[in-house]
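Visitor: Please put together the full structure from these sequences, using the hints given.
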Amino acid sequence: MRIGYGFDSHAFKPGVPLILGGLPVPHTEGLAGHSDGDVLLHAITDALLGAVSAGDIGTFFPPTDDRWKGADSALFVRTALEEIATAGYRIVNLDSVLILHRPKIVPIAGEIRASVADILGIPSRNVGIKAKTPEGLNQDGVAVAHVTVLLEE
Amino acid sequence: MRIGYGFDSHAFKPGVPLILGGLPVPHTEGLAGHSDGDVLLHAITDALLGAVSAGDIGTFFPPTDDRWKGADSALFVRTALEEIATAGYRIVNLDSVLILHRPKIVPIAGEIRASVADILGIPSRNVGIKAKTPEGLNQDGVAVAHVTVLLEE
Amino acid sequence: MRIGYGFDSHAFKPGVPLILGGLPVPHTEGLAGHSDGDVLLHAITDALLGAVSAGDIGTFFPPTDDRWKGADSALFVRTALEEIATAGYRIVNLDSVLILHRPKIVPIAGEIRASVADILGIPSRNVGIKAKTPEGLNQDGVAVAHVTVLLEE
Ligand SMILES: [Mg+2]
Ligand SMILES: [Mg+2]
Ligand SMILES: [Mg+2]
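Each protein sequence line maps, in turn, to chains A, B and C.
Under my numbering, the first residue of the first sequence is numbered 121, with each subsequent residue one higher.
Under my numbering, the first residue of the second sequence is numbered 121, with each subsequent residue one higher.
Under my numbering, the first residue of the third sequence is numbered 121, with each subsequent residue one higher.
In short, the hints are calculated from the structure, not lab data.
Any given hint could be a false lead.
If several chains are the same, the list does not tell them apart, and a pair holds so long as it fits within one copy or across any two.
[What the hints assert, rightly or not] Okay, derived cross-link-like pairs now, DMTMM-like style, lysine to aspartate or glutamate, Cα gap no bigger than 20 angstroms in a straight line: (1) Lys224 to Glu203; (2) Lys133 to Glu149; (3) Lys189 to Glu203; (4) Lys224 to Asp186; (5) Lys224 to Asp185; (6) Lys189 to Glu272; (7) Lys133 to Asp192; (8) Lys133 to Glu202; (9) Lys189 to Glu255; (10) Lys224 to Glu149; (11) Lys224 to Asp260; (12) Lys189 to Glu149; (13) Lys133 to Glu231; (14) Lys133 to Asp238.
In this text, all values refer to a predicted model and were calculated from it rather than measured experimentally.
Guide: Structure representation (structure tokens):
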């Protein structure tokens, strides 16, 4: 078995769509970023790559490369899945926390979970989606994701 | 086996008791929050729920529900323990980090550990309690908890 | 098996060398701290100690103790390795994320990985080194490390 951990953060900005775990989420703002700003899929990508010591999202998809401008972040996840498959591993389960002031995640957590499970090609029961508001942290303008993953041979 | 990760943060505020891992801690301030503000037990609850993909503390105990006003957070942990038992799992070990400016945790880490182990119903040797001050992070007014947990069938 | 998690943060400051994972990194600033400020090795030390519930870096190496002033943080890691060996465990794999504005980590991630693997006495393929810039978090003056570790008997 192997363990992986991923972190990501993106600032909210007006005028772009909000995408979380591959799911378009109706909201007044989206997340800034070279790609589609999907903070959760980026942290998942990094957790998977890290679990097999295969570098990180920046190694594979440098933000300086115009190819990834506005990219669908599911593409990054698929590359990470290829890396873990090549290394001979598959996902046991994945857990995550989104830290953001708005929107409320509880009503859409099931949909985000289904979207993430679909992108990962695993059952929903092996994907945890949780959320917190950033109490006391003065970071209401940013979305943060922490992801942990367990792999088996 | 399954892995879970939980995060929580609460701002310090005067005039309320400080409770960490179920242990009342003598201090000039406590933690704001709808319940007793026990940032460590909240992160533990979320790590357990996330490990079995059972939602999060906000799903089970919405802050809008008056029943949980001032609640003993051990109640939240017990609900999470029921969820992992129902899913057919038990705790192998749990590790945690508290990030807070004060009070000093080293002198009371053993007591917090015993309290957490007691609430979880597992031996102290399977509970890790660690602490850091938030060096460079400008968050002296808040307590943060990160928790990771490993489950087995 | 057992799981561990470690966190650390240190503010950047001019006039001191930057050391990351035991590797001296050419940069305009280093990290403040009682020891050599190696935020990554400190988080690794804590992840290892936490995985076997053996306290934390502050328990073993109090910052009030002059012996650890400017200390090589590899010393802290070695103590944690002794603790996990005494408890009857060894490292399966370790994953990490550094969150810092500068310097760029991608070009030196391989060297940091080799240095960490060497200090831990494990193959590089079992060490994950990743990095993020702190997008939206207003913490450009600080380096943060998150580390997760999986142990087996
Ligand atoms: Mg990103
Ligand atoms: Mg809470
Ligand atoms: Mg440190």
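Visitor: Checking Lys189 and Glu203: alpha-carbon separation at most 20 angstroms within a copy, between copies, both or neither?
Guide: Classified as neither; 22 angstroms inside a copy, 42 angstroms across copies.
Visitor: Regarding Lys224 and Glu149, is the shortest C-alpha distance of 20 angstroms or less found within a copy, between copies, in both, or in neither?
Guide: Within one copy, since 13 angstroms is at most 20 angstroms while 29 angstroms is not.
Visitor: One pair to classify: Lys189 and Glu272, alpha carbons no more than 20 angstroms apart. Within, between, both, or neither?
Guide: Intra 33 angstroms, inter 42 angstroms, cutoff 20 angstroms: neither.
Visitor: Evaluate Lys224 and Asp185 at a C-alpha cut-off of 20 angstroms and name the case that applies: within, between, both or neither.
Guide: between (33 angstroms within a copy, 16 angstroms between copies)
Visitor: Indicate which option fits the pair Lys133, Glu231 if close means a Cα-Cα distance not exceeding 20 angstroms: within, between, both or neither.
Guide: Classified as neither: same-chain Cα gap 23 angstroms, cross-chain 36 angstroms, threshold 20 angstroms.
Visitor: Within a copy, between copies, both or neither: where do Lys224 and Glu203 come within 20 angstroms Cα-Cα?
Guide: neither (33 angstroms within a copy, 23 angstroms between copies)
Visitor: Can you give me the call for Lys133 and Asp238, within, between, both or neither, at a CA distance of at most 20 angstroms?
Guide: Answer is neither; intra-copy 27 angstroms and inter-copy 43 angstroms both fail.
Visitor: Taking 20 angstroms as the upper bound on the Cα-Cα distance, should Lys224 and Asp260 be classified as within, between, both, or neither?
Guide: Close inside one copy (13 angstroms), not across copies (27 angstroms); limit 20 angstroms.
Visitor: One pair to classify: Lys224 and Asp186, alpha carbons no more than 20 angstroms apart. Within, between, both, or neither?
Guide: between (33 angstroms within a copy, 19 angstroms between copies)
Visitor: How would you classify Lys189 and Glu255 at a CA-CA limit of 20 angstroms: within, between, both, or neither?
Guide: Classified as between; 17 angstroms across copies, 32 angstroms inside a copy.
Visitor: Measure nothing new, just compare the shortest in-copy and cross-copy C-alpha distances for Lys133 and Asp192 to 20 angstroms and report within, between, both or neither.
Guide: Within one copy only: 18 angstroms inside a chain, 38 angstroms across chains, cut-off 20 angstroms.
Visitor: Since the copies are identical, ignore which copy is meant and state whether Lys189 and Glu149 lie within 20 angstroms (CA to CA) inside a copy, between copies, both or neither.
Guide: Result: close within a single copy only, 18 angstroms intra versus 32 angstroms inter.
In this structure, the earlier hints numbered 1, 3, 6, 8, 13, 14 are contradicted, and the remaining ones agree with it.
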